[in-house]
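Peer 1: Work out the full structure, taking the sequences as your base and the hints as a guide.
Just so you know, the sequences run in chain order V and A. With this note's numbering, you'll find the first sequence wraps up at 135, consecutive numbering, no jumps. With this note's numbering, you'll find the second sequence wraps up at 266, consecutive numbering, no jumps.
As a list, the in silico DSBU-like pairs of lysine-lysine whose alpha-carbon atoms are at most 30 Å apart:
1) A:Lys209 / A:Lys161
2) A:Lys223 / V:Lys56
3) V:Lys60 / A:Lys166
4) V:Lys60 / A:Lys209
5) V:Lys59 / A:Lys223
6) V:Lys56 / A:Lys209
7) A:Lys161 / V:Lys59
In case anyone wonders, no lab produced these hints; they're calculated from the structure.
Listed here are the chains, written in short residue letters.
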Amino acid sequence: EDKVVQSPLSLVVHEGDTVTLNCSYEVTNFRSLLWYKQEKKAPTFLFMLTSSGIEKKSGRLSSILDKKELFSILNITATQTGDSAIYLCAVDSLLAGGTSYGKLTFGQGTILTVHP
Amino acid sequence: NAGVTQTPKFRVLKTGQSMTLLCAQDMNHEYMYWYRQDPGMGLRLIHYSVGEGTTAKGEVPDGYNVSRLKKQNFLLGLESAAPSQTSVYFCASSYGRGFRQPQHFGDGTRLSIL
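Peer 2: As structure tokens, this is what we get:
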């Protein structure tokens with residue numbers, strides 16, 4: 020059974036701090052790993068990672084994948100109150116049965132709270 | 153841009169009642185998905201569809217049915233609601249077989265079963 024585990028489950032920091040969120044996975048037929056940010060409503064897409072060792076960056080957020088050790092990290096530098104959200108890690112893998120269709124398996128999410 | 157639209161946004165049902173959740177997307181996406189999100193458990197896939205007229209079971213399909221009569225719409229039905237189905241339901245869509253396309257999510261439907 021495919022499994023995605025995130026840590027920590029919750030994190031409380033102050034503005035300006037740097038945080039690192041972790042995601043480890045065990046899936047068959049891995050295709051990519053995705054990070055989403057979820058505020059009050061819909062999860063919004065942050066990054067998609069397919070290759071090991073290549074960092075993706077968007078402003079103060081960055082992420083990297085290690086396919087050998089089966090994990091990814093999401094870094095947020097100089098945190099702001101607007102970064103408060105649930106951060107979801109998901110792994111895209113091929114469905115069983117030899118099809119070319121994929122499915123996402125989500126981790127539990129990390130609840131990040133940034134205080135002023 | 154509308155993207156993925158879910159209706160209703162909130163609903164309270166009594167045990168045993170039935171209802172249908174509607175998901176509509178205007179991005180011409182082939183794939184559509186229904187998830188449920190419960191505290192501490194992330195999002196779990198209920199059913200999905202890889203094209204008009206096709207549906208398949210996900211991780212937690214029991215107690216739910218789906219239909220995809222039109223490419224842009226994906227319906228999730230609860231035939232006899234149970235308290236265990238109290239959850240937030242998200243619909244998502246994505247392009248076809250090219251796996252480098254992320255899923256786009258609707259704003260969710262908060263469903264309470266009393």
